[in-house]
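J.: Please arrange chain B on chain A, whose structure you already have, making use of the hints.
Heads up: the sequence lines are chains A and B, in that order. Going by my numbering, the first sequence opens with residue 1, and the numbers climb by one from there. Going by my numbering, the second sequence opens with residue 1, and the numbers climb by one from there.
Because the hints were derived from the structure by calculation, they are not lab data. Glycine included, every Cβ here is placed at the ideal spot set by N, Cα and C. One or more of the hints may lead you astray.
30 Å max Cα-Cα, derived DSS-like pairs, lysine-lysine [to be verified]:
| # | chain 1 | residue 1 | chain 2 | residue 2 |
| --- | --- | --- | --- | --- |
| 1 | A | LYS275 | A | LYS413 |
| 2 | B | LYS501 | A | LYS277 |
| 3 | B | LYS99 | B | LYS14 |
| 4 | A | LYS54 | A | LYS277 |
| 5 | A | LYS440 | A | LYS563 |
| 6 | B | LYS27 | B | LYS14 |
| 7 | A | LYS416 | A | LYS275 |
| 8 | A | LYS413 | B | LYS27 |
| 9 | B | LYS99 | B | LYS27 |
| 10 | B | LYS14 | B | LYS215 |
| 11 | B | LYS501 | A | LYS275 |
| 12 | B | LYS446 | B | LYS501 |
| 13 | A | LYS416 | B | LYS215 |
| 14 | B | LYS99 | B | LYS129 |
| 15 | A | LYS275 | A | LYS54 |
| 16 | B | LYS99 | B | LYS215 |
| 17 | A | LYS563 | B | LYS607 |
| 18 | A | LYS277 | A | LYS416 |
| 19 | B | LYS27 | A | LYS416 |
| 20 | A | LYS413 | B | LYS215 |
| 21 | B | LYS666 | B | LYS607 |
| 22 | B | LYS501 | A | LYS413 |
| 23 | B | LYS99 | B | LYS120 |
Covered stretches of chain A, going by a simulated chain B footprint (3 or more residues, C-beta under 8 Å) [as the list claims (entries may be wrong)]:
| # | stretch |
| --- | --- |
| 24 | 418 to 430 |
| 25 | 529 to 542 |
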Amino acid sequence: MTMQGMLYIALVFALVLGCAFPMGSYMAAIFEGRVTYLGPVENGFYKLAGVDPKRQMRWTDYAVTLLLLSLIHFLLLYAILRLQYYLPMNPLHITGMSPRLAFNTAASFTTNTNWQAYSPESQISNGAQVFGLVVHMFISAAAGISVAAAVMRAFTTGGMQTLGNFYVDLTRITLYLLLPVTIIAATLLVVAGAPQTFVQTLTAHTLDAGSQTIAIGPVAFQEAIKEFGTNGGGFFNANSAHPFENPNAWTNLLENWLDLVIGFGLPIAFGIMLKDKAQGRALMFAMAIILALGCVGTYAAEAGGNPLHIAAGVSATDGNMEGKDVRFGIPASTTFNVSATGTSTGAVDSFTDSYMPLGGAIPLFLMQLGEVTPGGVGSGFYTIIVFALLSVFVAGLMVGRTPEYLGKKVQAKEVKLAMLGVLILTIFILVGAGFSLMTKSGLGSLANAGPHGLTEMLYAWSSATENNGSAFAGVSADTPLLDYGLGSAMLFGRFAFLIPILAIAGSLAAKPKLSTSAGTFPTTGPLFIGLLIGVIIILGGLQYLPADTLGPLADQYLLAAGKTF
Amino acid sequence: MTTANAEMISLFDKRIISRAALDSFAKLNPVTLARNPVIFVTEVVAVMTSAVGVEDLFTGRPTAFPIVIALWLWLTVLFATFAEAVAEGRGRARAESMKRARSDTMAKLILDPRERNIFKPTPAPDLRKGDLVLVESGDIMPSDGEIIEGIASVNESAITGESAPVVREAGGDRSAVTGGTQVVSDWLVVRITANPGATFLDRMIALVEGAERRKTPNEIALNILLAGLTLIFLLAVVTLVGFGSYSQTNFSIPVLAALLVCLIPTTIGGLLSAIGIAGMDRLIRFNVVATSGRAVEAAGDVDALLLDKTGTITFGNRMASGFYPVAGVPERALAEACAIASLGDDTPEGRSIIALARDRYQISPATPPDAQFIAFSANTRMSGLDFAGQQYRKGAVDSVLKTYGLTADAAFDEAVNRIGRAGSTPLAVTANGRLLGVIELKDIVKPGIRDRFAALRQMGIRTVMVTGDNRVTAAAIAAEAGVDDFIAEATPQDKLDYIRKVQADGRLVAMCGDGTNDAPALAQADVGVAMQTGTQAAREAGNMVDLDSDPTKLIEIVEIGKQLLITRGALTTFSIANDISKYFAILPAIFVATYPQLEALNIMRLKTPESAILSAVIFNALIIVVLVPLALRGVQFRPIGAAALLRRNLLIYGVGGIVAPFIGIKAIDMVLGAFHIFS
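Isolated chain A (complex conformation) (with noise of 0.2 Å):
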């Protein structure tokens, strides 16, 4: 490790931080309705779809609207995967997805997750990645941002039957948040020299007078929502390895601060929808400290090196380069990645599965704590919300009350719906991942034998449940099993889990908000943000324990002992 390291490390979160609350005020202005200087465009919009906008819905009108769109969403990009044969932008003639593969990539994008099944040069045309894919990268997004600022209003007074209007919410998250700013980033990214165009190939001639044909597209606008609506599905394979997603060091700590902004200034919206932006910053605080703690950690790992190179003698003493761009170093990739799992985004710009084992375990735990480092855009919010209401009910009542959380009594019918969340989770990664490993197709899938193995299958199942996209690398994803089964653990890690938090935000919404006295129990300070770190950990992490110790630390350990996979 050296300082550098360390202060780019530094760099990433005073930027990404600084911005978050500026980033949040605008947010929570979106969310209140006072932004509206596209208010014709908007209302046109409404017009158009025959949207009431004055309309304020209960959480179940809420929940059904948000389902509906997804599932319209859903058919609408499965139907242009298996057709993009026929549909227009296809100069290299890719033919339909399968079946399968197309449920896969659908399901995918419909939750934000851009789990990447297919293969992108080979498997999809530019036509299908703008209109299908871009516009999933849009919608999840808002989607997943509107059920946050359902969520907020739910503490922000008592007595209230209604969440906002859904429609209203996706519209004005897109129009004013997303596209300005993919706007402006993908700018960034042209002048850095990524491409957008809506040619396909370029032929170059190589200096051995043979060709090549290099892939190309609109690459710019796409890498700049994928990162900002932490989506992470890149135009390329190589990801945000590719120089045309990610051209130099600059592009790098851009696509890693669009990555974590909206996460941060989440809570911050939060604390100013509330009036109280301590409890916004202490939402905040505990997603930054875990996620910093992974950052260092993995860079700590990354820089430690190989000790089987340095035994052998043939390393050189920058670390583990291996699966690294050395355009980047490691701490820019580490950072990348560690933001890009802490995140529900899955973006690479190094490989996971050549990452030192423990390097790799922190993504993979990350992931597992249910993706609140912040998180995926609204989803990581709604999340640590959850966490932030177990806390409460956990240590609240040793303050000697009942467990309230920002004046809402957390009681019963919470705990059951969060706790339920938690457990659908929980079984998708587990389950999925346990069963896999017993059968001759998940097995096939493998690249590695041994520990390593076993952390690729549970990586892959964290990474779909949790809505994050993020591949190991080495899993051949495209068999039915997984196809059908991350398929599904994407689709129930995000649905079922979105619904009951809705149910929860109703519940709370029509709650009485309590005011606070010296009695009430802190939701603010260092030891409400150590008691959610820990029971974030605790409740959100422990379970899956057992499994990540006979993957990456048993790899770390064997590796240790000279044995490697």
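T.: Just chain B, lined up with the frame of chain A:
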């Protein structure tokens, strides 16, 4: 407290413990145990592990390990049922003393309301709501009722433990009688207000025994959390089979059972109902009966206390605190005149005037032989003493001045005004028609009450004084007692309105009351404590009854409620925090055969894998027993504010919960090692 119910029951009373030990086996019945998901799962895996042990006996595989693990799993279940049985046993012991009062007497059923002397002897259990009975001197009250005729003294010690009889009479706030009490003089005609089995005493016994115990809302929520955690860890353990088969590791059932039982929150699962029963029990030890556990929980949540001024905040009697003469009269002369004017006055105020004169001026005049006491009347608003042609009077200032046509001097006016502003009552004193000065009668705030209110404020609880006094008087006393707010010239409707207003702000209110006109407010309050001496209406409206009829107990009730919740939270936190160290004990032990390198995770340096697993299981079982006294006694509540309390308890039960098992498991492993058990 000198009451029968309040007798201290030792934490380790031999009879209770031995009965509980038996009961804990009866509670193993899976049908009843299923109400407690954590312990139920423990029992299921104990059965499975036992089956493996028995099977191994026949197949000749080494059987010691599964048998020992099974034994400790059974002990875990038994310790949990034992904890509940002990808590119930303590309640039952209290109930026994109450049952003695519920003798099945013969009641005198009146058939014709106009003829109370014609009655039909009827067994008490046959009485129904609305029946009229005659209860005469020496009779036991057959059931709860409302006096409709008569006045009598009643010994209520069976209920309150207080042996001095109290007067009960028809009409007013003293008309309720309770079954099991005894009329010691005169007679009463009582209308029965409870059907058999639903009397106050029956309800109390049921509550104390825990028979009527329903899970409280917070308990239900906590149970859901525990069930959820159990399911989650069940998944973690069951899926290990898959991960294990990939890693060429076969886990035996005893090993998986041990891991599961160590991870699920058995500590709090085993102690949860004991904590709840013990909370009710603590309340009963304070001679307060809650009609539901829900009320006890609500008491912990209360944000505002409505306290009657008289009797709660002040002693209730005004006492003389100073004599202020008019110009030209020496203070001593005034003191003497005051004492003489009060010689025949037997009210607490009068006695306090004599006491002040004696204590401060060493004046204690003897009553002259021919003295004639002039009693206070609503007309004259004066009292005094006439003797040997002399007239000494004290009374309301305006009445005295008007009666004698006196004009006050500046010193007198100033003294009267100052006394009024301070919330005290001025009494003018005259001798033979001459104005001598003024007595200050002060409402004395109980010593120490100010500190208690400060402590309550630290807990985030506002105190509100309710009084019939005017605003000026009320404000002065409120300031002196240090309450946060007051309601002056309070009518029952004012109380009700105030409660509604506070509740509308999202706060919970507790109050106590005794009169029928308190009933609506008692019902509206989140915690309504009715006085045992109060009316039937008040007792029905409240959700707690204070057998001692001591309104200051509201404060203790709140503390007991908080203590119950704190104990529950502390043990939950402790239980969950324990998991971390158990991982460090068990995970290396079960994986080390496959990956010897994982021995590095055995940071406690436990001797062998078997010993490590067994140590964790033993710790997990023993910790339940170790914590039984804490669960029954409750974690101490300290009024230091939520933030400080959280820091303290999080340190003890959170950090302590992480550290303690490391030490405990290591110690058990060392003991096992010393005896060469599995090592």
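J.: Taking the hints in turn, state whether each one holds.
T.: Structure-based check of all given hints:
no.: 1; hint: A/LYS275 with A/LYS413; in the structure: holds (26 Å)
no.: 2; hint: B/LYS501 with A/LYS277; in the structure: holds (28 Å)
no.: 3; hint: B/LYS99 with B/LYS14; in the structure: holds (21 Å)
no.: 4; hint: A/LYS54 with A/LYS277; in the structure: holds (28 Å)
no.: 5; hint: A/LYS440 with A/LYS563; in the structure: holds (25 Å)
no.: 6; hint: B/LYS27 with B/LYS14; in the structure: holds (20 Å)
no.: 7; hint: A/LYS416 with A/LYS275; in the structure: holds (29 Å)
no.: 8; hint: A/LYS413 with B/LYS27; in the structure: holds (29 Å)
no.: 9; hint: B/LYS99 with B/LYS27; in the structure: holds (25 Å)
no.: 10; hint: B/LYS14 with B/LYS215; in the structure: holds (28 Å)
no.: 11; hint: B/LYS501 with A/LYS275; in the structure: holds (23 Å)
no.: 12; hint: B/LYS446 with B/LYS501; in the structure: holds (29 Å)
no.: 13; hint: A/LYS416 with B/LYS215; in the structure: holds (16 Å)
no.: 14; hint: B/LYS99 with B/LYS129; in the structure: holds (21 Å)
no.: 15; hint: A/LYS275 with A/LYS54; in the structure: holds (23 Å)
no.: 16; hint: B/LYS99 with B/LYS215; in the structure: holds (25 Å)
no.: 17; hint: A/LYS563 with B/LYS607; in the structure: holds (26 Å)
no.: 18; hint: A/LYS277 with A/LYS416; in the structure: holds (29 Å)
no.: 19; hint: B/LYS27 with A/LYS416; in the structure: holds (27 Å)
no.: 20; hint: A/LYS413 with B/LYS215; in the structure: holds (15 Å)
no.: 21; hint: B/LYS666 with B/LYS607; in the structure: holds (9 Å)
no.: 22; hint: B/LYS501 with A/LYS413; in the structure: holds (27 Å)
no.: 23; hint: B/LYS99 with B/LYS120; in the structure: holds (26 Å)
no.: 24; hint: 418 to 430; in the structure: holds (count 7)
no.: 25; hint: 529 to 542; in the structure: holds (count 5)
Violation of the numbered hints given earlier is absent; every hint is satisfied by the structure.
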